[in-house]
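Visitor: Chains A and B, in that order, are what the protein sequence lines are. According to the numbering used here, the first sequence holds residues 1080 to 1375 in order. According to the numbering used here, the second sequence holds residues 6 to 293 in order.
Source of the hints: derived by calculation from the structure; they are not laboratory data. Take these hints with a grain of salt, some might be off.
As the list claims (entries may be wrong) - A partial selection of chain A residues facing chain B, derived with a Cβ cut-off under 10 Å:
hint, residue
1, Val1243
2, Arg1246
3, Ala1249
4, Glu1253
5, Arg1261
6, Leu1262
7, Thr1369
Said to hold, decoys possible - DEER-style ranges, computed between Cβ atoms:
hint, chain 1, residue 1, chain 2, residue 2, range
8, A, Phe1238, B, Gly166, 27 to 37 Å
9, B, Pro196, A, Gly1263, 35 to 45 Å
10, A, Phe1238, B, Asp148, 20 to 30 Å
11, B, Gly114, A, Leu1084, 48 to 58 Å
12, B, Arg94, A, Pro1363, 41 to 51 Å
13, A, Met1301, B, Gly114, 35 to 45 Å
14, A, Arg1344, B, Ala124, 51 to 61 Å
15, A, Trp1139, B, Leu163, 22 to 32 Å
16, A, Ile1174, B, Leu163, 31 to 41 Å
The beta-carbon is built from N, C-alpha and C at its ideal position, and this holds for glycine as well.
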Amino acid sequence: MAVFLELLVNGVSVGAVYALIALGFVVIFKATEVVNFTHASLLLAGGYVIARMHPLIGFWAALAAGIVAAALVGALVEFLILRRAHVGSRGVLAIVTIGVDILLTTELTRRIGTEVLALGDPWGDRVLRLGPITVAETRVVALAVAGALIAAFLLAFTFTGWGVAMRATAEDAETAALMGVRLGRVSLSAWAVAGALAAVAALFLCVFPTPGLDRGTAAVAMKAFPAAILGGLDSTSGALAGGLIVGVTETLMNGYQSELVFLGRGIGDAAPFLVMIVILLLRPSGLFGTKEQARV
Amino acid sequence: MSGEADPPAGEPASGGPERPGLQISGLEVRYGPVRALRDVHLAVPDGSVAAVLGANGAGKTTLLRAVSGTLRFHNGAITSGTVSFRGSRLDGAHAAAVVRRGVVQAPEGRRVFARMTVAENLRAGALSVPRRRAAAARERVLDLFPVLAERARQRAGLLSGGEQQMLAIGRALMAGPSLLLLDEPTLGLAPLMAAKIAGAVRQINAQGTSVLLVEQNAAMALALAERAYVLEVGEVTLSGPSAELAAGDEVRRRYLGIGAPNTDRPVGTDPGFAGEGHERTGLARWTA
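So that you can see chain A by itself, here it is in the shape it has in the complex:
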């Protein structure tokens, strides 16, 4: 039982981090209808800046720098590439983002090389003991921070002018423009927000018990993709649910791997995608994907 609770807490914590990443996917998709495959390299860029800066300026300043850097890279990708790519189809734009992702990831992995970079976080490998269960402090912080960020984001999405502009654009870009919404700014801010969230996610993907930032981190980030899809690519609450489902599934599968050897090793890594496929078969637009509600 204690093992199960430990796994569950860890799973929820990892899931919250995936939800941060998935939220970035969803924001960009809602604002621009582009599926953004550049997301993993935004995350890698944020993590890389934190890793390189923390010996120089301390952890918290480095974290801020990483968040700003990832937001900037996101904004630049939007401004320099996607805004200027006048292609008719969103599918083509998605492939453009794959190209950009390969460029960015190649450059970053070249810089990282074979190193495993520490991020200099203050939590180290300390653990919390709550009765019978033991949880890494980093997991608790990740859960708290991701939860707070997601809550703040959802509140902003619902109540601020930025959120209204974002949702109006997501629903009908042309009409939003007719209302005076500057679509370029909406799209730019979506990419920047997604980048910032990805940098925070990068931090929590690279701290204990993970050894640090290495060239494989981007692949870990891709697990948030099934989270976004199975929640419904245009649903913020779906990103949250999707992240948690993926996180818990993966952690439980890995935790009980010894009992699941008949499925083969590494089932934890494949589990998110299996869950995604099953959910999509049952609900093609994802758990919370839009079903049109209209009366004529």
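Position chain B relative to chain A; hints supplied.
Guide: Using the frame of chain A, we list chain B on its own:
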């Protein structure tokens, strides 16, 4: 001026320098190789209501897109001519910039944000103006359409057609426009609701907002407008003071098909109407 057709290019932009308003001259719009508007001259002096009549496909919506800067969403472009409002050019401006100059459109088919509440829709209309002006505009809109206050927390997609139209007009008014562009505001509405919308348009104009009204319902449009333009296959074929157009039979003959020997179909002499599928929906309203 009689109800006779003006030579398309010879129509001088009326309005004079003291009421400049919206001036469109020599406008040509193309969607790729297709020419949708040709040499359109049109003026909406400040404080007035102008109507654009025409069948489906005549270019009415294209005209409003050209003013609002949304042609690019449809792969269209202004290929010659100018659109200006109070002396500043609108052609080439982005949609958001046009709104900031005081020209706001309530688009065809209402296009309310269905997944957002009524209150959020109104807020979306006011994103380009400061908070205080938005609050004043909201009061004006709710005064004009009290039903929107009752439905404030409802999803806009669940409103009736007439309520959605009120919301679309109210949302456009939230930016405090000097000129309101209305694209077919009574399309698909019951006569009573259409009359309500017409009353609202009159009230909006009385409050000082000029209106460019695009309509198939000629009777209603001519009753509201000081001046009207008839678009046929992308060209202004007839224009003049509404009263004269309403009194003459030119609009009826050309546009409504009244007086044609066979009233089952539109006037056969005009190729612009051939195969347009434009039924004489306006007939009953004309006499109503």
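Visitor: Per the hint of 35 to 45 Å, is the separation of the Cβ atoms of Pro196 (chain B) and Gly1263 (chain A) within bounds?
Guide: holds, 43 Å
Visitor: Taking the closest Cβ pair, is Thr1369 (chain A) under 10 Å from chain B?
Guide: holds, 7 Å
Visitor: Given Leu1262 (chain A) as an interface hint, is the shortest Cβ-Cβ distance to chain B below 10 Å?
Guide: holds, 7 Å
Visitor: Look at the Cβ atoms of Met1301 (chain A) and Gly114 (chain B) and judge whether their distance stays inside 35 to 45 Å.
Guide: With Cβ atoms ~40 Å apart, the hint holds.
Visitor: When you take the CB atoms of Ile1174 (chain A) and Leu163 (chain B), is the distance between them in 31 to 41 Å?
Guide: For Ile1174 (chain A) and Leu163 (chain B) the Cβ distance comes to about 38 Å; the hint holds.
Visitor: Could you say whether the range 41 to 51 Å given as a hint is met by the Cβ separation of Arg94 (chain B) and Pro1363 (chain A)?
Guide: Holds, since Arg94 (chain B) and Pro1363 (chain A) (Cβ atoms, about 47 Å apart) stay within the stated range.
Visitor: Checking hints one by one. Is Arg1246 (chain A) an interface residue toward chain B, by the C-beta closer than 10 Å rule?
Guide: This hint holds: Arg1246 (chain A) lies near chain B, its Cβ roughly 6 Å from the closest one there, short of 10 Å.
Visitor: Have a go at the Ala1249 (chain A) hint: is there a Cβ in chain B nearer than 10 Å to its own Cβ?
Guide: holds, 9 Å
Visitor: Is the interface hint satisfied for Val1243 (chain A)? The criterion is a beta-carbon contact with chain B at less than 10 Å.
Guide: holds, 5 Å
Visitor: Hint says 51 to 61 Å; check whether the CB-CB distance for Arg1344 (chain A) and Ala124 (chain B) agrees.
Guide: holds, 54 Å
Visitor: Measuring from the C-beta of Arg1261 (chain A) to each C-beta in chain B, is the shortest one below 10 Å?
Guide: This hint holds: Arg1261 (chain A) lies near chain B, its Cβ roughly 5 Å from the closest one there, short of 10 Å.
Visitor: Given the hint of 48 to 58 Å, is the C-beta distance from Gly114 (chain B) to Leu1084 (chain A) inside that range or not?
Guide: holds, 54 Å
Checked against the numbered hints above, the structure violates only hint 15.
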